[in-house]
Amino acid sequence: MLKSILRGLYRHKSSLASENCITTIKSVNSYRITLSDPKTRNTLSIAALQRLIEEIKIAGDDLSLKSIVICANGPVFSAGHNLKELSIPENQKTVFSLATKLMNTMIECPIPIIACVDGVAAASGCQLVAASDMAICSNRSSFSTPGVNLGLFCSTPGIPLSRVVSKKTAAYMLFTGTSINAEEALRTGLVSKVVQPEELDNEITTLTTLIGQKSRSVITLGKTFFYKQIDENIKSAYKNGEKIMLSNLELNDCKEGLLSFVEKRKPNWSN
Amino acid sequence: MLKSILRGLYRHKSSLASENCITTIKSVNSYRITLSDPKTRNTLSIAALQRLIEEIKIAGDDLSLKSIVICANGPVFSAGHNLKELSIPENQKTVFSLATKLMNTMIECPIPIIACVDGVAAASGCQLVAASDMAICSNRSSFSTPGVNLGLFCSTPGIPLSRVVSKKTAAYMLFTGTSINAEEALRTGLVSKVVQPEELDNEITTLTTLIGQKSRSVITLGKTFFYKQIDENIKSAYKNGEKIMLSNLELNDCKEGLLSFVEKRKPNWSN
Amino acid sequence: MLKSILRGLYRHKSSLASENCITTIKSVNSYRITLSDPKTRNTLSIAALQRLIEEIKIAGDDLSLKSIVICANGPVFSAGHNLKELSIPENQKTVFSLATKLMNTMIECPIPIIACVDGVAAASGCQLVAASDMAICSNRSSFSTPGVNLGLFCSTPGIPLSRVVSKKTAAYMLFTGTSINAEEALRTGLVSKVVQPEELDNEITTLTTLIGQKSRSVITLGKTFFYKQIDENIKSAYKNGEKIMLSNLELNDCKEGLLSFVEKRKPNWSN
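Chains as they are written, first to last, in my numbering: chain A, 3 to 273; chain B, 3 to 273; chain C, 3 to 273.
Wrong hints could be hidden among the right ones.
Given that identical chains are not distinguished, each listed pair holds provided it fits within a single copy or across any two copies.
[Claimed, not checked] With a cut-off of at most 30 Å between alpha-carbon atoms, the simulated DSS-like pairs for lysine-lysine come out as follows: (1) Lys41 to Lys28; (2) Lys230 to Lys266; (3) Lys268 to Lys41; (4) Lys28 to Lys230.
Hints are computed from structural coordinates only; laboratory data are not their basis.
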């Protein structure tokens with residue numbers, strides 16, 4: 003009886019801990035998802051993966067939102083999957099199935115996702131950055147795919163990584179397990195801007211404010227097509243691009259946008 | 003009667019204006035196409051698109067030419083499609099059909115196309131740069147895909163852009179609508195060289211002179227295969243590359259080239 | 003009779019020369035392949051291509067090895083194919099068939115290949131660098147694809163080149179035949195690090211030591227999947243990545259790696 007009560011309490015505590023591993027806040031039209039389990043180095047535990055998927059879906063479904071920011075508490079953005087969890091065979095399928103689901107959820111999310119890194123992004127933590135639509139970081143950040151050190155090659159982190167950084171840098175990171183710093187991340191395309199740690203918040207506000215001024219329906223059309231065309235051969239992409247431009251012109255917000263241009267006033271989006 | 007005469011005059015003037023939106027000059031074996039409608043910020047109007055397609059075809063068919071340079075008069079390289087035209091529904095299909103045709107014409111053009119930018123390249127103006135085989139710019143140039151600001155996402159500019167710059171930078175440009183400067187364009191691969199504005203002409207002359215020394219038939223074989231292989235998986239590309247090297251060796255100009263090497267003299271191309 | 007003896011001697015000498023065009027040395031768990039025919043500017047002659055393929059296979063089959071380094075003696079890393087050989091029609095098919103075989107052998111090699119460049123890498127010499135998994139170079143190195151100068155467009159070098167450097171830089175190199183320097187090679191992704199010539203050996207030792215600490219079976223799994231996924235569309239890649247992570251977890255060295263992590267000790271690979 004006592005045992006059962008204790009088990010219940012433990013479960014409750016554990017589920018609270020899971021809940022708390024990710025915190026969210028809505029600020030104007032941007033949704034900030036914070037990895038907030040610094041004592042585990044923000045590992046992407048099963049709970050964290052589930053919460054990330056859930057929160058990205060919530061934000062994607064909220065028509066008042068126009069962007070998502072993924073950031074973290076503490077000096078480690080994310081150390082990747084939870085290795086203690088991964089050591090238990092029963093968890094393995096769940097972890098990697100959730101990781102795939104997270105990647106697909108990010109691609110399918112109708113609004114852009116911005117990774118905001120101030121610290122260490124390792125393994126699937128680095129994958130999260132590479133898979134985001136945009137990424138900025140502080141100059142004290144670093145990025146690595148060190149799975150090979152423990153015998154678990156960062157094959158899935160390598161998927162978005164090899165699509166954003168140069169093949170040589172991706173291979174260097176994957177085979178040596180060592181880090182690249184912020185400057186190298188910028189040079190090789192993993193982030194599009196590096197700032198001082200104290201400027202990171204301002205930079206994110208600038209970015210989300212800029213995106214916040216656009217029409218949500220237009221952003222969604224744009225993101226959806228961006229991922230569609232990038233895997234096509236270039237001539238098919240142009241052919242489909244022609245169609246998407248015409249569909250875009252049918253959107254109310256595009257009609258309003260062009261009208262506002264002719265009338266020299268600010269557009270008034272219906273989103 | 004007078005009305006009809008006036009209409010005739012107007013048409014004539016308008017068609018002259020269309021003709022004049024693009025000027026061309028042949029210099030040795032390079033064809034320079036200049037966007038020369040600075041009062042419209044060199045918009046890629048229907049007339050301009052038609053002229054660009056036409057002129058690229060003319061240059062492609064002229065066996066004495068070995069390269070095309072696309073440059074512009076005024077501080078704006080090109081502001082993209084003509085939004086007044088685009089506001090008229092009847093024009094929309096025409097505009098984007100011509101834009102696709104322009105992209106395909108550039109890919110299929112048998113000689114390389116060099117974008118030479120000294121100023122603002124926006125929307126389909128930026129697309130024109132991204133779609134060129136080579137691009138250089140002055141240090142006061144900037145590049146943007148601001149369609150999202152008016153509700154018309156730069157989906158087609160995103161096609162060549164995401165194939166030359168890093169995915170993160172492409173997304174940043176497409177979702178925020180803000181510019182990158184010349185230095186960022188160089189870092190991220192949109193241009194391969196940045197020079198002072200006053201050095202731009204010399205740089206283009208150097209480039210076209212270098213290309214002008216090659217065999218035209220060899221250049222054409224090379225460009226055609228370059229676009230073919232880039233969309234293939236790497237092993238198919240190597241297999242087809244083997245065949246193309248053997249075809250290349252069958253060209254008279256390759257036989258002459260190898261002979262000139264053995265005989266330690268300049269090659270004498272039949273082109 | 004004398005003629006026949008002399009021919010025999012000549013053949014023997016020539017075959018020795020062929021053997022010597024490539025030297026190899028095994029150092030701990032890395033295999034160093036040195037292009038050592040500086041008097042021919044380390045041309046990738048038929049003999050050299052055959053030896054490279056052979057040596058990469060030998061190293062790939064040696065389970066005690068974890069990396070291959072390709073370097074060169076003399077100021078030219080490699081000047082590319084042997085043009086005297088290529089001038090003889092009978093050789094042409096052989097040369098390009100071997101070149102394709104070399105590329106496939108590099109991709110299929112179960113351990114990573116690192117190009118270590120201190121000098122000029124031209125034509126298929128540049129291709130060798132671009133096709134390596136990793137590449138570092140000294141600051142006095144340069145890279146070019148000058149085949150177009152002799153009427154033989156560097157179509158096959160363009161295949162790996164256009165997959166590692168930006169399209170604009172690849173086109174610039176291929177159409178002009180001119181070199182990029184070490185700094186440009188770094189910026190555009192052809193190498194992942196540039197060092198002083200005297201630091202090159204240390205840098206390679208650091209790199210091969212790092213890779214030497216990993217499990218060979220894990221490295222092989224990682225490299226194989228890296229090349230598989232890079233040609234897939236991103237969603238298929240993630241789906242297959244999920245499977246490969248689960249296969250990786252089944253490897254003995256992964257079980258050992260995760261156990262060593264939990265037990266806070268160094269892993270003891272069975273390789």
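Status of each hint after checking the structure:
1. Lys41 to Lys28: For Lys41 and Lys28, only the intra-copy Cα distance (24 Å) is at most 30 Å; the inter-copy one is 44 Å.
2. Lys230 to Lys266: Intra 34 Å, inter 44 Å, cutoff 30 Å: neither.
3. Lys268 to Lys41: between (47 Å within a copy, 23 Å between copies)
4. Lys28 to Lys230: within (29 Å within a copy, 40 Å between copies)
In summary, the structure is inconsistent with hint 2 from the numbered list given earlier, while agreeing with all the others.
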